[in-house]
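Number of protein chains: 2
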Amino acid sequence: MAVYTEVSDEQLSDFVERYELGSLLSFKGIAEGVENTNYLVHTDKGPFILTLYEKRVRREDLPFFLGLLEHLADSGLNCPTPLRDREGQIFSELAGRPAAFVTFLEGLWIRRPQALHCSAVGKVLAELHLRGANFSRTRENALSVSSWRPLYLQFGDEANKIVPGLSEHIQEELNVLESVWPESLPRGIIHADLFPDNVFFLGDKLSGLIDFYFACTDMFAYDLAICLNAWCFEPDNSFNVTKARALLKGYGRVRTIEDEEIEALPMLCRGAALRFLLTRVHDWLNTAAEALVRPKDPLEYFRKLRFHRQVSSAREYGLEHGSD
Amino acid sequence: MAVYTEVSDEQLSDFVERYELGSLLSFKGIAEGVENTNYLVHTDKGPFILTLYEKRVRREDLPFFLGLLEHLADSGLNCPTPLRDREGQIFSELAGRPAAFVTFLEGLWIRRPQALHCSAVGKVLAELHLRGANFSRTRENALSVSSWRPLYLQFGDEANKIVPGLSEHIQEELNVLESVWPESLPRGIIHADLFPDNVFFLGDKLSGLIDFYFACTDMFAYDLAICLNAWCFEPDNSFNVTKARALLKGYGRVRTIEDEEIEALPMLCRGAALRFLLTRVHDWLNTAAEALVRPKDPLEYFRKLRFHRQVSSAREYGLEHGSD
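Chains L and Z, in that order, give the protein sequences.
Counting in my numbering, the first sequence runs from 1 upward without gaps.
Counting in my numbering, the second sequence runs from 1 upward without gaps.
Bear in mind the hints are in silico, worked out from the structure with no lab data behind them.
C-beta: ideal position from N, C-alpha, C; glycine also.
It cannot be assumed that every hint is accurate.
Derived Cβ-Cβ restraints for the label pairs, each shown as a range [what the hints assert, rightly or not]:
1. Z:S312 x L:E93: 47 to 53 Å
2. L:E263 x Z:E35: 55 to 61 Å
3. Z:E93 x L:K296: 26 to 32 Å
4. L:K55 x Z:E35: 46 to 52 Å
5. L:L153 x Z:S23: 49 to 55 Å
6. Z:F195 x L:A133: 52 to 58 Å
7. L:S13 x Z:V254: 25 to 31 Å
8. Z:R59 x L:A133: 52 to 58 Å
9. Z:E93 x L:E93: 42 to 48 Å
Taking lysine-lysine and the DSSO-like style, the derived pairs with C-alpha atoms no more than 27 Å apart in a straight line are [as the list claims (entries may be wrong)]:
10. Z:K123 x L:K45
11. L:K28 x Z:K205
12. Z:K205 x Z:K123
13. Z:K205 x L:K45
Derived, one-sided and incomplete: chain L residues facing chain Z with beta-carbon distance under 7 Å [unchecked claim]:
14. V3
15. K28
16. G29
17. I30
18. E106
Work the whole structure out from these sequences, hints included.
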C-alpha cells in the first residue's frame, strides 16, 4: 500500500506522449498493491492505471504477464488491458522502472464475501482456465512445491518467534507435501493469487479481475485450492462449507472438475495454505519497522493449514465425486 | 502521503447513497495529502474526491473550510466544490471521521515552476483575496505570530539536534518578529499554504487550487510572503528575483499592492519562513521512525529565513514602491 517511485509531471507528460492517449489531465498515486507503484491517470481518453514495476516483479516476466492480460482481454475476460505505445511496445521505461499502462476497471472488492460472490468467483476462475488454454507463453510457478523448502530455510527456527513450534509444524508439512504432491492433474494458466481484493464487483455482478503478477502455468485445481482458502474461511477461521460448495459449483458449471482433481483437493489446499504461510512468515520476519507496508498475519494461514490437515476427503469441502 | 482510515465497500456504498451521486463504481485510496485520508471515487456522476478528516483538522473548523470552498467555487474560482447531501449537509460522518465529498479537479502540479507559473499564481492569489471578501465566516490564523513562541517552546533546545545553534537563531527571530509584526495591513481570507503541490496546471494554464485546510483570516500580504517563499527559491536555495517579480506583478494586476504592504514584505517573508521552519522542526523531532509520512526538511526554511534577514528593502524582491 504505497507509492515507491515518485514520477514528476514532466516525466509523466513525456511518457503519455508515447501513447495514443491525448493529453495528460491528472495523476494520483494510489495506495493499493503491495508489490508495485500504481498511478490513476486521467487523459483525454479516460482513466487508466499506470504501473511501475518494483523489484519483486522481474522484468523478464513482463512479456508473460502483460501478454496474458492482452490475451485474456481479447478473449472476452474482464481484466485490465495493456495499452501498446505508438511503436507497439507493451511496456517501456519510466523513472528507472519498467512501466505499463492498462485500462481502468470499475468495481469494488468485497470485504465480506457471501456465497453468491464465491459462486461468481468459481465461474470466472474456470473461464480464466479455459481462455488461457491457447495463450502461447508459459511461466513456471516460482512459488510451487519445489520452492517451499528453500523459502523455509531462509528463516528456519526464526519462525518460532511468531509462535513457538511453528518451525517444526512447517517442516512436518513440507515432508508430507513433497512426498505426495500431485504431478499429473490438468494444467494450464492459473491466476495463483485470486484473493477478494483482486476481484471487482458492481452490485452483485462480478465486473473483473486484476493483479495477474503471480500468474503461471500450474494445476487448475491448485488455483481452486488457493481460492477456497482465500474466500471460504470466516474471520474467526472457521471454514464455511456453503461458500466452498458455491465456489466449486460455480467453477463446475464452466469447466468439469475431474475426479482425480476432487480427490487431490485436501492436499492441494494444504499446499496452498503452506505457500501463503511461508511467504507471510518470510515477510513478517523481514519487514523493517519503518516499512510503508504492514505485513499480513502469517497465523491466519497456519490456522487454515491446520484445518485442512484434519480433512479426510473432499466431501468436507461440500463437493462429492460425481456430484454436479 | 497515506491512507490513515480504511473504508469498506459497504461503508462507502451506504455513504454515497446519502448524496445525489448515482451508483458507486470504484474507489481508490490516494497517496496524497499529509493531513487527511483521501479517496478518488468514481460514481455514475463522474469522479469525486472523498476526504476523511484526521485529527489535525478540527471538526469545528469544517464549516469554515467547506463553506469557503463552496463560496469561492460559487464566485467562479476553480477549487474543489463540496457536495451537499440530500439533507443539505456539507459534511457528515464516515468510519468514525468527519467526511466530505468535493468535486475532482483535473490538473498537474508543477515540480519545477517557471516565471510564467509564478505570474499565474500571483494572479489567482489576488482573485482569491478579492472573492473571499464577502464570505461571511472568519477564522483566526492558528499559526500566526502569537502561536510561534508556544510552538518553539514545545521543542526549545531540541532544535539544536537538527543543526547546532538553531534554537538560538529561532529565539532571536522571535524577539524581532514579535516586536515589529505589522498589525494594520489589509486583511481578509487567505489560503496560507499555497505551495506548488496545491496549484494545478493544464499545460501552462492554471486549472485550480486545492487544500484550503490552513485558510484563515489574516493579512493579504502575508499570503504573498508565503508564496514568495514557496515559489521563488531555487533548489539550491538561491532567490530567483525574476520569479518573484512575476508573482508580484501577476498579483498586482488583480489587486493593487499598497505601499505599506510592500514595505512590510521583508518582515512578512521572515515571519512566513519562521512559521514553516517551526512546524517542520516540530514535525521532524516528533515523527516516529515508522511513520507513514516522511517529514519535510526544516533547514530549507532556515536558509530562506537567513536570506530574508539580510534583505533591506522590498526592492530586492523585484518590486519597488509605486511600480506596476
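These are the hints, each one checked on the structure:
no.: 1; hint: Z:S312 x L:E93: 47 to 53 Å; result: 50 Å, holds
no.: 2; hint: L:E263 x Z:E35: 55 to 61 Å; result: 56 Å, holds
no.: 3; hint: Z:E93 x L:K296: 26 to 32 Å; result: 29 Å, holds
no.: 4; hint: L:K55 x Z:E35: 46 to 52 Å; result: 31 Å, violated
no.: 5; hint: L:L153 x Z:S23: 49 to 55 Å; result: 50 Å, holds
no.: 6; hint: Z:F195 x L:A133: 52 to 58 Å; result: 54 Å, holds
no.: 7; hint: L:S13 x Z:V254: 25 to 31 Å; result: 29 Å, holds
no.: 8; hint: Z:R59 x L:A133: 52 to 58 Å; result: 57 Å, holds
no.: 9; hint: Z:E93 x L:E93: 42 to 48 Å; result: 45 Å, holds
no.: 10; hint: Z:K123 x L:K45; result: 31 Å, violated
no.: 11; hint: L:K28 x Z:K205; result: 19 Å, holds
no.: 12; hint: Z:K205 x Z:K123; result: 12 Å, holds
no.: 13; hint: Z:K205 x L:K45; result: 20 Å, holds
no.: 14; hint: V3; result: 5 Å, holds
no.: 15; hint: K28; result: 4 Å, holds
no.: 16; hint: G29; result: 4 Å, holds
no.: 17; hint: I30; result: 4 Å, holds
no.: 18; hint: E106; result: 4 Å, holds
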